[in-house]
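Novice: Quick mapping for you: the protein sequence lines, in order, are chains A and B.
Just so we're aligned: the first sequence equals residues 1 to 276 in my numbering.
Just so we're aligned: the second sequence equals residues 1 to 171 in my numbering.
Derived from the structure by calculation, the hints contain no laboratory data.
Predicted model, so just to flag it, every value in this text is computed and none were measured.
A few of these clues could be false.
[As the list claims (entries may be wrong)] Among the chain A residues that face chain B by a calculated CB cut under 7 Å, a handful are:
1) Ile2
2) Phe6
3) Tyr8
4) Asp102
5) Thr104
6) Ser105
7) Asp132
[Claimed, not checked] Heads up, simulated DSS-like pairs for lysine-lysine below, C-alpha to C-alpha not over 25 Å straight-line:
8) A:Lys29 with B:Lys2
9) B:Lys69 with A:Lys58
10) B:Lys2 with A:Lys58
Glycine included, C-beta positions come from ideal geometry on N, C-alpha and C.
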Amino acid sequence: MIPFDFDYYRPATVEEAVSLYARLDREGKRPLYWSGGTEIATFARANLVCTEAVIDLKAVPECRALAVGEKEMTFGSALTLSEIDDSGAFPLLGATGSGIADRTSRNKITLGGNVSSRLIYKEAILPLLLADSDALVAGASGVRRVALAELFQRTLQLGKGEFLVRFVMDPSYRNMPYASVKKRKETAIGYPIVTVAALATEAGTRFAFSGLCDFPFRSAEIERTLNLRDLPAGERIRRAAAGLPAPIRSDMLASADYRRLVWQVALEDVLASLGA
Amino acid sequence: MKLQLNVNGERRTVDVRPADLLLDVLRENLGLTGAKPGCRNGDCGACTVTVDGWPMKSCLMLAVEATDKAVETIEGLQGAPAQRAFVEKFAFQCGYCTPGFVMNVHALARLRPDADEATVREWLQSNICRCTGYEEIREAVECVLAQGRPASAEEKPYRRPPADRSDSGNT
Numbered sequence: 001m002i003p004f005d006f007d008y009y010r011p012a013t014v015e016e017a018v019s020l021y022a023r024l025d026r027e028g029k030r031p032l033y034w035s036g037g038t039e040i041a042t043f044a045r046a047n048l049v050c051t052e053a054v055i056d057l058k059a060v061p062e063c064r065a066l067a068v069g070e071k072e073m074t075f076g077s078a079l080t081l082s083e084i085d086d087s088g089a090f091p092l093l094g095a096t097g098s099g100i101a102d103r104t105s106r107n108k109i110t111l112g113g114n115v116s117s118r119l120i121y122k123e124a125i126l127p128l129l130l131a132d133s134d135a136l137v138a139g140a141s142g143v144r145r146v147a148l149a150e151l152f153q154r155t156l157q158l159g160k161g162e163f164l165v166r167f168v169m170d171p172s173y174r175n176m177p178y179a180s181v182k183k184r185k186e187t188a189i190g191y192p193i194v195t196v197a198a199l200a201t202e203a204g205t206r207f208a209f210s211g212l213c214d215f216p217f218r219s220a221e222i223e224r225t226l227n228l229r230d231l232p233a234g235e236r237i238r239r240a241a242a243g244l245p246a247p248i249r250s251d252m253l254a255s256a257d258y259r260r261l262v263w264q265v266a267l268e269d270v271l272a273s274l275g276a
Numbered sequence: 001m002k003l004q005l006n007v008n009g010e011r012r013t014v015d016v017r018p019a020d021l022l023l024d025v026l027r028e029n030l031g032l033t034g035a036k037p038g039c040r041n042g043d044c045g046a047c048t049v050t051v052d053g054w055p056m057k058s059c060l061m062l063a064v065e066a067t068d069k070a071v072e073t074i075e076g077l078q079g080a081p082a083q084r085a086f087v088e089k090f091a092f093q094c095g096y097c098t099p100g101f102v103m104n105v106h107a108l109a110r111l112r113p114d115a116d117e118a119t120v121r122e123w124l125q126s127n128i129c130r131c132t133g134y135e136e137i138r139e140a141v142e143c144v145l146a147q148g149r150p151a152s153a154e155e156k157p158y159r160r161p162p163a164d165r166s167d168s169g170n171t
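Chain B extracted, bound-state conformation (with noise of 0.2 Å):
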């Protein structure tokens, strides 16, 4: 079947199976490569994408679906704060769940500017990092909400709870 999406912002024609996945049209169909199969269950979150601004695990959702929505992938990002947050606390080892975690790191700051820590814990537990880089992509988190917030003199930047690092090994 012939379906028209709209993917980053451009109208875009494909010829799938209505049971194909929108991470394997996207992928296969788009050659839009930044979004990761990794347990095609549900489970990692290097699918992430966003539709219609909400992050989505694209290997739940069938492309069928995302007609009439506004899809974007980490190719759409285009230099976002939480792209440029991700870079500059390197953010990221091997690179696979990356794209997941910014896209979902991206629609936090758009849609919850002034998460809390309770809020930013729910939604990154939707994405694994099995480097495990989880502390810089904490610091990656921190940094994009507090840019995101207006300046204010009654402004309370979100700040991460102490860590306890009594058995840290970094310096």
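Next comes chain A alone, as it looks inside the complex (with noise of 0.2 Å):
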């Protein structure tokens, strides 16, 4: 069980919720905004995690939109990911997502909720970097549009009162040959030593990582090594740490020189099966 109260608010609309946000803030209940819940509801239960007020997102409509246009795509943040995975809107997302904890879990787990999670993983903002996502941010100053690789820095930079209403990007993304693969320690199920994703657009392949740096991310240096087809595999994975962003992890599940190896594993196997 949770051990601490809190108030639950369920929201229509984007304006509601953030003036709802703005109110119970004023009061001093340290507000959260409630997407899938399930990392509130794990962390609050082991007392990482305390509010007095929680604003559940899911009857906002623009939260749980999925639309595939001409122009664009749209996946709302409040969408879980099986919803993802099921509707086949986006495959790529789909299959990163769904190497997310388990299916039933993903069954609540939603794409926001991922994307903001305090964990270092976040697997599914991958293929969003990958598509050059933008994202809809709603906060007091009304509804913004921002580019996902300027919003996630190492984090995601939403200012205090802001959610995550939905991710855009070209549907041309959907259609291009994507490759996603998760190592983990020993499990099935489990966070993993590092997620490589994926995706092969006409300019060269592009590449991003969970779980091998403190933070997930995509390099355009690590991408233009990659893709250096003059050189072997092999050669081109060899040089391609030269453009890490931070140093490897090590912890419980990989030393960081183990991760390394599993790091140019995943990329062969990447590389591989995209003909790259």
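Make one complex out of these two single chains by using the hints.
Specialist: What follows is the structure, given as structure tokens:
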């Protein structure tokens, strides 16, 4: 059980949600936005998070939007990972998301919840970065549209009271060849040692990584190296480490050296599957 | 707060905290103790119920989130094919994980009656059996899925891949 009390709100509009947050914040309630709520529920049980008010976003229609149009496709922040996978709207997003937790949990875990996670993995962000997505962010000043690559700089740069409404990207990305490889320590379910997502565009293959460093990322330098087709794949992979934005993690799942090896093996798998 | 829930086809009114989890409300307020607290962290699946037909870990859901939704627990199955299959295949030992497995398999058979091996594996990875009764559980799943398919000349019933029995000590 959650060992503390909080009030529960279920606004029907973006404006109502933002307004509620502002009021509850003024009242000192330390409000939290509740999307799938799985992380808040488990963290709260362990006293790792505390709040006196949660604002459930699932009744806000824009947060539940899923659409593929001629010019853009839209994924609401409160869509579950299972809904996204089952829709087939963006196969790479479905594939990467389907490696997170387990199927029943993914019936509750949402796209926005995973991207906003306090944990380092946030694997659902990888396809969004690869597709040059924009994020629609709601706050006191209204809804702003910002490139996800600008919004996510190692962590999500949201202002107080802001929340993710939806993600939009060019629909052409949904038809491009892709690969998503997740290497875990031993079980079929669990946090990654490394997750690699890749998208083969006409201009070259794009790569994004989770679990390798303390944050998910996409690196232009690594992409340039891995796309040097004149070099053997092994040499490209070996050189790619020079483009890492931070040291490789060392934790109970894997030492930094072992994690580097797993990353290289995952890259071999990805390059082979894409014929890159 | 007073909450109206639709549980096993019945409208039930409960007095709960907004922070109360669905698992605890089902067990403590409604006496439906079939869903079990295992890890309480969304890992083990012993608390699985269905919400609007979809398997849901009730330890990850606030009771208040279940308003306007149809919640089904193991007590509501009333001898459904998944339950019968688990009995017939003796797919339980201590039985603690069993309601969670049965609810997941019940939902799988309804929502994915043509589930292939990959889908079965994906869905069933949501539940853990510490008694390791997986062999019989798999047989129960095969049984349920085979029952659910209409007879057809082109029908390809679910068949698990041949097991490697080279080191099996069971007869």
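Novice: Now look at each hint and say whether the structure bears it out.
Specialist: Structure-based check of each hint:
1. Taken as an interface hint, A:Ile2 checks out: its beta carbon lies about 4 Å from the nearest beta carbon of chain B, inside 7 Å.
2. Satisfaction of the interface hint for A:Phe6 is found here, the shortest Cβ-Cβ separation to chain B being roughly 5 Å, below the 7 Å cut-off.
3. The closest approach between the C-beta of A:Tyr8 and any C-beta of chain B is roughly 4 Å, which is under the 7 Å cut-off, so the hint is satisfied.
4. Residue-level restraint check for A:Asp102 holds (minimum Cβ-Cβ distance to chain B is 4 Å; threshold 7 Å).
5. At its closest, the beta carbon of A:Thr104 sits 4 Å from a beta carbon of chain B; the interface hint therefore holds under the 7 Å criterion.
6. At about 5 Å, the closest approach between the beta carbon of A:Ser105 and any beta carbon in chain B falls short of 7 Å, and the interface hint on this residue holds.
7. Taking 7 Å as the C-beta cut-off, the interface hint given for A:Asp132 is violated, the closest approach to chain B being about 29 Å.
8. Simply put, A:Lys29 and B:Lys2 have alpha-carbon atoms about 22 Å apart, close enough for the 25 Å limit, and the pair holds.
9. Only pairs whose Cα atoms come within 25 Å are accepted, and B:Lys69 paired with A:Lys58 is accepted, the gap being roughly 13 Å.
10. The hinted pair formed by B:Lys2 and A:Lys58 meets the criterion: a straight-line CA distance of about 21 Å does not exceed 25 Å.
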